[in-house]
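**Student:** Throughout the sequence shown, residue numbering follows this note's numbering, covering 1 to 302 in sequence.
You may find that some hints are simply not true.
Pairs of lysine to any residue residues, derived as SDA-like cross-links and limited to a Cα-Cα distance of at most 25 Å, are as follows [claimed, not checked]:
#: 1; residue 1: Lys-99; residue 2: Pro-31
#: 2; residue 1: Lys-227; residue 2: Lys-99
#: 3; residue 1: Lys-120; residue 2: Ile-140
#: 4; residue 1: Lys-127; residue 2: Gly-228
#: 5; residue 1: Lys-84; residue 2: Ser-108
#: 6; residue 1: Lys-142; residue 2: His-201
#: 7; residue 1: Lys-115; residue 2: Asp-81
#: 8; residue 1: Lys-84; residue 2: Glu-105
#: 9; residue 1: Lys-227; residue 2: Pro-10
#: 10; residue 1: Lys-120; residue 2: Ala-152
#: 11; residue 1: Lys-123; residue 2: Pro-76
Taking CB as the label site, the calculated pair distances span [stated by the list, open to error]:
#: 12; residue 1: Cys-288; residue 2: Glu-149; range: 36 to 42 Å
#: 13; residue 1: Ser-260; residue 2: Gly-80; range: 29 to 35 Å
#: 14; residue 1: Glu-8; residue 2: Thr-197; range: 43 to 49 Å
#: 15; residue 1: Lys-23; residue 2: Pro-263; range: 31 to 37 Å
No lab work stands behind these hints, which were simulated from the structure alone.
Heads up, the beta-carbon is just placed ideally off N, CA and C, and yes, glycines get one too.
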Amino acid sequence: MSTLKPPEPPYPIGVVAALAHAKDPSIAPKPTLLTREFSLDDRVGIVSGGNRGLGLEAAMALLEAGARAVYCFDLPQEPGDEWKAVKDYIAKMDLGNGKQGGRLEYVSADVTDQKGMWEKAEKIGDKEGRVDVCVAAAGILKNHTDCLEYPAEQFKQVLDINTHGVLFTAQAAGRQMSRFGLPGSIVMIASMSGSITNRDHAWVSYNTSKSAVLQMARSMACELGVKGIRVNTISPGHIYTSMTAAYLDTQPELLAKWSSMNPLGRIGRPDEMRGVVTWLASDASTFCTGSDILVSGGHHAW
1 MSTLKPPEPP
11 YPIGVVAALA
21 HAKDPSIAPK
31 PTLLTREFSL
41 DDRVGIVSGG
51 NRGLGLEAAM
61 ALLEAGARAV
71 YCFDLPQEPG
81 DEWKAVKDYI
91 AKMDLGNGKQ
101 GGRLEYVSAD
111 VTDQKGMWEK
121 AEKIGDKEGR
131 VDVCVAAAGI
141 LKNHTDCLEY
151 PAEQFKQVLD
161 INTHGVLFTA
171 QAAGRQMSRF
181 GLPGSIVMIA
191 SMSGSITNRD
201 HAWVSYNTSK
211 SAVLQMARSM
221 ACELGVKGIR
231 VNTISPGHIY
241 TSMTAAYLDT
251 QPELLAKWSS
261 MNPLGRIGRP
271 DEMRGVVTWL
281 ASDASTFCTG
291 SDILVSGGHH
301 AW
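Could you build all of it, start to finish, from the sequences and the hints given here?
**Tutor:** The structure is reproduced here in structure tokens:
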């Protein structure tokens with residue numbers, strides 16, 4: 001009876017590399033973990049919500065890992081000062097072996113415009129000849145609103161951006177991955193709020209939208225696996241971003257409360273998403289799809 005074996009690694013790696021050296025000592029031992037598995041050398045990425053916050057942090061991480069270009073989709077016509085500072089910083093970065101940092105590009109886009117998102121991604125595909133990575137990070141959070149009084153238009157707005165926008169972003173990038181026949185990685189930014197309810201917070205629209213993203217990713221992972229396209233989610237806990245700062249900067253007692261709700265006793269920083277994003281985007285996670293990675297300081301464990 002035949003069995004379906006896993007594919008051979010694309011190059012000698014791990015124990016396989018060590019055994020190859022044992023058979024042929026002329027094969028020099030070389031580390032591959034950071035230079036090959038985690039490397040995004042020459043790859044092209046699309047990041048929604050990339051003008052600031054977690055999206056910009058993710059875009060920067062992809063470029064530091066060697067990406068040729070990362071396109072940041074966001075609503076403003078022009079990027080902000082924070083984005084411009086990152087673009088300049090990356091352009092001056094020495095990645096080693098004579099390679100400079102890749103291109104950080106900005107695209108004004110409305111993630112709720114499905115056709116527009118598809119067209120903008122297609123133009124990137126035409127220019128770059130590939131799209132390898134997508135990080136769908138655009139999202140909004142509304143003020144506390146009683147679930148029994150929640151207005152229809154506000155609920156629709158949150159789902160339009162946080163759920164429909166994630167789908168349209170993933171579709172836009174995934175269509176290009178499929179077009180070029182290259183394996184790709186789609187990373188959706190969900191939230192621990194998609195799996196739990198934040199105590200004492202009336203966020204029914206936000207929680208619902210993020211729960212939908214979790215199931216969306218699982219569904220797309222099951223459909224796209226045959227194409228070599230992986231789909232996963234990251235569920236951050238309480239992170240200090242420009243979005244949450246609107247609450248925390250005016251309510252120091254809320255910062256203390258959120259910090260006390262996880263074993264580490266603090267909230268997180270946007271840069272603490274960088275490693276997880278890079279891992280999911282890279283070949284270091286080629287057997288990971290349909291998964292949700294919780295980055296919550298242990299909030300979910302209590």
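**Student:** Now tell me if each hint is right for this structure.
**Tutor:** These are the hints, each one checked on the structure:
1. Lys-99 - Pro-31: The hint holds at about 19 Å.
2. Lys-227 - Lys-99: Violated - the C-alpha atoms of Lys-99 and Lys-227 are around 31 Å apart, more than 25 Å.
3. Lys-120 - Ile-140: With Cα atoms ~22 Å apart, Lys-120 and Ile-140 stay inside 25 Å; holds.
4. Lys-127 - Gly-228: Status holds; Cα separation ~22 Å.
5. Lys-84 - Ser-108: Answer holds: Lys-84 to Ser-108 is near 14 Å, not above 25 Å.
6. Lys-142 - His-201: holds, 11 Å
7. Lys-115 - Asp-81: violated, 29 Å
8. Lys-84 - Glu-105: holds, 10 Å
9. Lys-227 - Pro-10: This hinted pair holds, its Cα atoms lying about 17 Å apart.
10. Lys-120 - Ala-152: Status violated; Cα separation ~30 Å.
11. Lys-123 - Pro-76: holds, 19 Å
12. Cys-288 - Glu-149: 36 to 42 Å: holds, 41 Å
13. Ser-260 - Gly-80: 29 to 35 Å: Cβ of Ser-260 to Cβ of Gly-80: about 32 Å, so the range 29 to 35 Å holds.
14. Glu-8 - Thr-197: 43 to 49 Å: The hint (43 to 49 Å, Cβ to Cβ) holds, given that Glu-8 and Thr-197 are roughly 45 Å apart.
15. Lys-23 - Pro-263: 31 to 37 Å: Because 47 Å falls outside the window, the suggested range is violated.
Violated hints for the displayed structure, listed by number in ascending order: 2, 7, 10 and 15.
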